[in-house]
Each structure stands twice: as structure tokens, then as C-alpha cells.
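Asks: Hey, can you work out the whole structure from these sequences and the hints?
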Amino acid sequence: MGVLPLAIASGLLPLSWAAVLTAGGALERYPPKSGKVISFVDNFDFTNTATFEQRTMTFEDWWEPTNPILFFFGGEGSVETFYNASGAVFEHAQVLKALVVFLEHRSYGQSIVPLHTLTIEQALADTAWFLAGLRSRLGCRKRECPVITLSGSYGGMLVAWFRQKYPHLTAGGIASSAPIDFYPQDGRQEAGLLKKRNL
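Count along the sequence shown starting at 1, add 86, and that's the number in the numbering used here.
Read the hints as simulated data drawn from the structure, not as lab findings. A portion of the hints provided could be inaccurate.
Using C-beta positions, here's what the derived DEER-type ranges look like [stated by the list, open to error]:
no. : residue 1 : residue 2 : range
1   : K251      : L224      : 20 to 30 angstroms
2   : V181      : G273      : 37 to 47 angstroms
3   : R283      : R115      : 45 to 55 angstroms
4   : D147      : P200      : 11 to 21 angstroms
5   : N284      : H202      : 16 to 26 angstroms
6   : Q196      : A218      : 36 to 46 angstroms
7   : V127      : S164      : 14 to 24 angstroms
8   : E146      : I206      : 27 to 37 angstroms
9   : P200      : K251      : 47 to 57 angstroms
10  : E162      : D131      : 44 to 54 angstroms
11  : N134      : E177      : 18 to 28 angstroms
Derived pair list, reagent style DSBU-like, types lysine-lysine, alpha-carbon separation capped at 35 angstroms [unchecked claim]:
no. : residue 1 : residue 2
12  : K119      : K251
13  : K251      : K122
14  : K251      : K183
15  : K119      : K183
16  : K228      : K183
17  : K119      : K228
18  : K122      : K183
19  : K228      : K122
20  : K251      : K228
For each residue, glycine too, the CB sits at the ideal point set by N, CA and C.
Replies: Here it is as C-alpha cells:
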């Protein structure tokens, strides 16, 4: 690994290098429409009506009504960060004539909620409410506007879990580099290595 990749991986880039690497990112090439949706602070306590604003970014230049929606799961950062670094989503959208949609993850960026509600289950429910509402606002009928979810790392894990928990809301998902059920000190890594050696 060279010096530049190491600097990128560690986040220790000088400001001038950071500017070079982000120049021409998706924010510049595919200027988004920014918006906000109202979400529940607690999706599972029906006596709690508290809400918060979740930021969205969309790109619809290629979209033709009834065509797919490519939904990108954000992770531990602002919606701009994920939008800017996700060029492949836009390449797919152009070919599919799809709508591109990003929803900022709760408790990151400007979508702030009480820390005790920062859970995977709440984040998945935010997305379920959002996608159901989005399809309704777009006037999509039952077999129109299929939703494909995409993301990587933690966001990729959300893609996989969302398909498992809310399979009726999406047509598929691409979970890149998603280490599902792969946690340190749970013995699974060692068991996997032993099994591989014995094959």
C-alpha cells in the first residue's frame, strides 16, 4: 500500500489532497435536489408522537415514471458524504433511467435524534416509512417503481437486514462489503478458518 492510499484509509489527508480527491464528485457532476422528510423519533412506541427531520438528496434527470428507484443507505456520516462518493449509483441510474434517492441516517449529519433511539431497528423502520411514502407520492402502482437498495460496509449490512425484515418494500438489494453476523470475539471467525482448513 503506497503513501497516498494509506493516507486515504487513515483519514489523514492534507486539505489540498482532500480537495483534489473530492473535486468532480457526484455532488458536482449530478447536482441533487435536497429535501427533508418528517420521521418518528421512535418508530415502535405508538404513544410517542415526537418527530425529527431527516435530510434527503435525489437526482431525477434520467428518471422515467414507473422505472426503478435506486435507494442508497447512508451510514455513519452526512448525506452529502455518501452522495458525493457514490458515483457507481449514478452510472446504474443512467442505464436504468432510474431515480436516485439518499436518506440521511438518523443521528448523523443534521438528522439528529436522542442517542438512545440510534438503533439498527429504528434506522430500518425510518427507511420503511420513507420508501412507502415516496412510492405513494410518486404515484407508483403495485408493480411500478421497483426499489433497489444499495450501499457498502455498515450501509451494506442495512441493505441485507432491510431485505430480510421488509422484503415487500424492495425488489432487491446490493450489499457491498457487508460483514453480516461477523463480530469479534464471537468465535465465528475461528470456526470459519478451522472449517476451511479441514476441507
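Asks: If a hint holds in the structure, say so; if it doesn't, say that too.
Replies: Verification of the hints:
1. K251 x L224: 20 to 30 angstroms: For K251 and L224 the Cβ distance comes to about 23 angstroms; the hint holds.
2. V181 x G273: 37 to 47 angstroms: 43 angstroms Cβ-Cβ, so the 37 to 47 angstroms window holds.
3. R283 x R115: 45 to 55 angstroms: Once the Cβ atoms are compared, 47 angstroms apart, the range 45 to 55 angstroms for R115 and R283 holds.
4. D147 x P200: 11 to 21 angstroms: 37 angstroms, violated
5. N284 x H202: 16 to 26 angstroms: 44 angstroms, violated
6. Q196 x A218: 36 to 46 angstroms: Check failed, 23 angstroms falls outside 36 to 46 angstroms.
7. V127 x S164: 14 to 24 angstroms: 19 angstroms, holds
8. E146 x I206: 27 to 37 angstroms: Holds - the Cβ-Cβ distance for E146 and I206, about 29 angstroms, lies within 27 to 37 angstroms.
9. P200 x K251: 47 to 57 angstroms: 22 angstroms, violated
10. E162 x D131: 44 to 54 angstroms: Since E162 and D131 have Cβ atoms about 24 angstroms apart, the given range 44 to 54 angstroms is violated.
11. N134 x E177: 18 to 28 angstroms: 41 angstroms, violated
12. K119 x K251: It holds: about 29 angstroms lies between the C-alpha atoms, which stays within 35 angstroms.
13. K251 x K122: 25 angstroms, holds
14. K251 x K183: With a Cα-Cα distance of about 27 angstroms, the restraint between K251 and K183 holds, given a limit of 35 angstroms.
15. K119 x K183: The given pair, whose Cα atoms are some 17 angstroms apart, holds under the 35 angstroms limit.
16. K228 x K183: At roughly 19 angstroms apart (the allowed maximum being 35 angstroms), K183 and K228 satisfy the hint.
17. K119 x K228: Roughly 26 angstroms between the alpha carbons, so the hint for K119 and K228 holds.
18. K122 x K183: 24 angstroms, holds
19. K228 x K122: Cα-Cα ~25 angstroms, so holds.
20. K251 x K228: 19 angstroms, holds
Of the numbered hints stated above, those contradicted by the structure are hints 4, 5, 6, 9, 10 and 11, listed in ascending order.
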